[in-house]
Structures are given as structure tokens and as C-alpha cells.
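K.L.:
So you can see what is in the structure, the chains are spelled out below.
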Amino acid sequence: MNPDLLNVESLSVNFETVDRTVEILKDVSLRMEKGEVVGIVGESGSGKTTLALAIVGVLDVPPARIVKGTIHFDGRKIFPAEERGTNFRGKGINMIFQEPLTSLNPVYSVHDQLEEAINTENPSTPNKEKEEIIRRSLKEVMIRDVEGVLNAYPHQLSGGMRQRVSIAMVLIQKPQLLILDEPTTGLDLIVQRKIISLIMNLKKEISSSILLITHDLAVSASMCDRVYVMYAGRVVENGEMKEVLQKPLHPYTAMLKNSVPEGFLNSGPLKVSSGSPPDIRSPPPGCAFHPRCSRAMEICRIKVPELKKQNGDREVACWLYE
Amino acid sequence: MNDNILEVENLTVQFKVKTKIFQRARSTEKTKKVLDSISFRIKQGETFGIVGETGSGKTTLARTLVGIYRPKGCKIRINGKDIDFRKREDVLLLRKNIGIVFQDPVGSLNPRLTVYDIILEGLPNAKKLSKQEIKEKITEAANLVELPESKLESYPAELSGGEKQRVSLARTIVGGKEIILLDEPTSSLDVSIQAQILNLLIKLKQELSISYIFITHDLNVIKYMCDRVSVLYYGQILEEGDTFELFEHPRHPYTAELIRANFSFSSTETYSATHESGEPSREGCIYKNSCPSRFSPCDQVPPSFLVNNVSVKCWLYDQAKIKSERS
Chain F
828 MNPDLLNVES LSVNFETVDR TVEILKDVSL RMEKGEVVGI VGESGSGKTT LALAIVGVLD
888 VPPARIVKGT IHFDGRKIFP AEERGTNFRG KGINMIFQEP LTSLNPVYSV HDQLEEAINT
948 ENPSTPNKEK EEIIRRSLKE VMIRDVEGVL NAYPHQLSGG MRQRVSIAMV LIQKPQLLIL
1008 DEPTTGLDLI VQRKIISLIM NLKKEISSSI LLITHDLAVS ASMCDRVYVM YAGRVVENGE
1068 MKEVLQKPLH PYTAMLKNSV PEGFLNSGPL KVSSGSPPDI RSPPPGCAFH PRCSRAMEIC
1128 RIKVPELKKQ NGDREVACWL YE
Chain V
19 MNDNILEVEN LTVQFKVKTK IFQRARSTEK TKKVLDSISF RIKQGETFGI VGETGSGKTT
79 LARTLVGIYR PKGCKIRING KDIDFRKRED VLLLRKNIGI VFQDPVGSLN PRLTVYDIIL
139 EGLPNAKKLS KQEIKEKITE AANLVELPES KLESYPAELS GGEKQRVSLA RTIVGGKEII
199 LLDEPTSSLD VSIQAQILNL LIKLKQELSI SYIFITHDLN VIKYMCDRVS VLYYGQILEE
259 GDTFELFEHP RHPYTAELIR ANFSFSSTET YSATHESGEP SREGCIYKNS CPSRFSPCDQ
319 VPPSFLVNNV SVKCWLYDQA KIKSERS
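So the protein sequences, as listed, match chains F and V. Each residue of the first sequence is one higher than the one before, counting from 828 in the numbering used here. Each residue of the second sequence is one higher than the one before, counting from 19 in the numbering used here.
Since the hints were made in silico from the structure, they are not lab data. Glycine residues also receive a C-beta, built at the ideal position from the N, C-alpha and C atoms. Wrong hints could be hidden among the right ones.
Beyond 12 Å from chain V on every Cβ pair, some chain F residues (computed) [to be verified]:
| no. | residue |
| --- | --- |
| 1 | Gly902 |
| 2 | Arg971 |
| 3 | Gln1137 |
Pairs of lysine-lysine, DSBU-like flavour, derived with a Cα cap of 30 Å [stated by the list, open to error]:
| no. | chain 1 | residue 1 | chain 2 | residue 2 |
| --- | --- | --- | --- | --- |
| 4 | F | Lys1084 | V | Lys221 |
| 5 | V | Lys61 | V | Lys34 |
| 6 | F | Lys1074 | V | Lys221 |
| 7 | F | Lys1098 | V | Lys223 |
| 8 | V | Lys90 | V | Lys61 |
| 9 | V | Lys61 | F | Lys1098 |
Build the full structure now, drawing on both the sequences and the hints.
P.N.:
Put into C-alpha cells, the structure is as follows:
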């Protein structure tokens, strides 16, 4: 069996301020094998990004506090860290953010930022080789005007171009695990498709695994092997992407799927229930989805369902399947 | 009889472009056409979709239709009456008939007014009505958009994104507007909330027999909501027609590319970029630089050809040329 590349076990994260504590993640477990593309799908406030930040190890500063859980990466324990200064970022785990304008440094040109990516790994690379690597990486992300982009600053580039530059940076470092946090939200449709097919092609090339965070089930359907559906800080369902789409078990997954309009006007109203995602500062007791769930029972209001194995690799947290 | 509720002919909007940052825009400087002779008609009770990517001019079109921009030399006819942007009463007439819901609910609701007062803003001649009548109208509008009455005393900051869009909608329907312009009304919302709003819009349309102009970049939403669709690309309508026909048989290469790139559960084939997209062309067909099926006539601007009630701005559908080439 393939050893797990990433293994997050019952991770709980709180945001603690002076007057209150908010539970952002509750008992979240996630595992990924080498070469897999795994999606995390959920609406705003479900804790997707917090999970990603915890994995890259930038979360555990106040007000955030990881109260419980462990994270293993490539056989090493990265949280709680066994030894100080274990560096797994860059070659190990790398992340592409939703808004490249905030993740690129505005006062350095693209060239200098790409050079920095090389310097963090191999500062001793000869200059001539560095230039070659930089130019090659930009060509690989299908930028035609390489010289123009190299001398440009992030604000001079379009959204799609900026995202390509951040992908180029990742390419240089060739990480084992690439985390994409809403990489194409806010981009035009055709550009989105191009960026995604670019990422998928590069995946083959640098043989990394991808963790895709998105609110869009349709986008993740086009990329992922497996998917985790999150709601109000918990994983409510996970399994093979195709199976989850074909037969969603959790009522929330079903609702997410039904929310994306598929047909024409005559296909009838979209099957969604009223209400909105809960306020995580005061989540409802029991299953967080019960106020919106059409199949809610008495027990859903009282007790939180646990994630239980169904047939095969499927897991679902819902009292309907007890 | 003329059953078009809104007619727009040859709408061109251009902006002056500053070439240097610290220079004032002068009339002698370059202008950029954001909308280039757009024409369309909307029938009573119809949902007309406008789909386009960033920079296509969607929002400019919306703003022009509510009189924020007032271009010269276009013909806008509402209920058969010509609108002259130079006359104040004409602009007011336009606004009386067309309501607008913006993409960003935070920016479009006054943070210092209660929901009640915000909806009141949309009520014309409120001064002539008694307090009781006003209250009735506002509660009725709130009920129509399924906004709980308890929220009427809240401020926008206390509402969720979906509720804010409901308030925006209530503000337009309270004044009995005939056309509601929806400028990306659901783009900033979560998918399940988006679905709720879409259901609500369909319900309102049936109950109040209003027309929508639905502007969005989301093809799934357009396909689901609209009777007719037009595809906007850098200020030009490249294809326009019945939604079903347009989605099942996209004719313009750009429309075809958009539909191919769209994410949906039913499309299982993997997308691969077949060609590089280029900048919009200044000469000839505007899509020339990105078009995979470009051929010699494309150096001239194509007129709109009518195929199966879909008008396509592409030389591929020039019947006369096709015939002459065959013979």
C-alpha cells in the first residue's frame, strides 16, 4: 500500500480572543496518498482555508490555537513539531493562494521573486543557470512575452498572468504537496480552464500531489480523485469524487450538488432548503446542518453525528446512516 | 402591436483614456469604445441574459441603462417612448421603469439606514401616501422577497449576503418597476444561497410579470434563468438568440469556446486548451486574434447573420459567400 503523504488526525482549531473562544475546526481528519488530487469543498465559514493554513504550518499563532490533533507529512511529524526548525515548506509543501496580488510582493519584479524561489532552495546555483530556470518556468506556464513579464511588477499583470507567475514559482520548487486555495476564483471562465489544465499537466511533470480548496463542486469535479465536504468546521462526508457526485449520502452534499443549476428554465426550481450556513460563533447544537436539513430527526438536534465508514472508502457523518 | 418593453439601438459608450497618469483627460486624447453599437430588444415578461467575461462591458451596459452614463447618439425606447439622455425627466422615466440590483450588496445599501428606510427609497411618491399605506407596501415587498419582518428594523451590517440581496430586490419591486436589471446578483454569494435567490427570482417573475436583464459571467446560471441570451465580447454582441438554441448549437467560435470551458457535472471530457487566446483585434472581426477558425474574410468587420433565429456576428455564417465559394 502507498504510504500516506499527508495525514491530519482529529485536528481542532480555536480562535481565542479576550472575551470568547470560537471553534473553527472540530476533529478534522484528512489523509492523502502520493500523487492524489484531493478536494476540500465547502461554503464560506466552513474552515477550508484554516485547515490549509494549519497544514502549511502558519496557523498556530494567536488568536488561532491548535488545541488538538497531529499532522504528519511524508512520514515526519510536522505538528506538533518534533524538532525545531524542520523546514518542509518550499520543496515539501507549497501553497497557491486565491489572490496572487497579495501573495506576490508588490515591490519586487517578477524576475526577482522567481529568483528568490530558487535562492530558498539552492542559493549556490550559478547565476547563468538561475536565469535559465526562471525563463524556462515562465515558458512552461504558457507565458509568451517572457521578457516583458520578467521585468513587470505584479500590479502590471492581469489576474490570470499573476496566477501563472505564482504557479511558475511553485514549478521552480517542485513541491511534493501543492495546496491550491481557490486558485481560479475571480478569473474568467476560459482563463480558469486554462489555469486548471495547466496545473493538471504540471502535476504529471513534477509528480506532486494536489490539495484543492474550493467552494465550487463543479470545479473540483473536473480535477479531483477524492473529495472532503466540510460544513461548519467539520468534515461531513468524504469519498471518491465520482461516487460522491453520483450518490451524495449527506443531505448537505446533496444540497451543494443541487445548488448548481444544470438544465434550462423548464427544469424546475433548484432543490435547496432555506437558511444559510451557521454562524460559527454560536453553532446550533447537535448536527450543525439540522436547521436546514429536510430529513432532520430528533437525535440530530441533540447529538453530533460522528464520521462513520460506509461501504468502501466512503465516510459520512449523519444520523441517517447509523 | 409593439410588445417590446425596452429597445436599445446602436448603443455606443466610449471613455476617454488617459495616456499618462498625471495628465488630465482631454478631448483630443484617445477614446476607448467600451460598448460598440449594441442593439437588443426585451419583451414583456422575458428574461434576457447578457454573458461576458471581464472587460466585456457588462457593467457599463447596466449603468447606461439606469442613466448613470449618458452616451449620445443612441436610441433607447422604453414602452415605445424615446429616451433622450439630455432631458432630466427622460432619465427619471428610465429610472422609474428600470430597477437595478448590483453585484456587491455591501456597496449598494446605505449602511446608516435601516432596511425599512432602504426599501422606502425605492417607493416613488411616498410623500403622497399615509404612513399606514407606506408600511403596508414595504411589508408586502419584504414578504415577496421572503425577508422576515423582524429584519426590517435591522441595519445592512446585521444581514447576511443573501438577505442583503433580498433587500436590494425589495427596493426595486416596491416601486413597481417593470424591468429589473440584475448585475451579477449572485456572484458574491455561496452556492446554496445563490440557488435560493435564483428560485426567488423565478417566483417573483411569475407573480409580478416583470422582465429581467440578467448580467453574469456564470453560464450555468444564464442557461437556467434566461429565455434569450446575448454573448458580449469587448463591447460587441457576438451572438444572440434563444437560450436553448444557443447552448445546444453554439455558432460563434467564442460562444463555443465559452461553453466548452464551462464547469458542469455533465461534461465529463477533460478540457484542453486548443489555442492561445489573444488580445481583441482593433481591425476586422474583434475575436480574430483568438479564433481557431479564422479565415480570409475575418479582416473585415462581420455583420450579424441570422441563422435559425440566432444572430451571429461571424463570417462563417455568411450564406451568400458560402454559396459563391461552392459554385
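K.L.:
Broken hints, numbered, in rising order?
P.N.:
2 and 5
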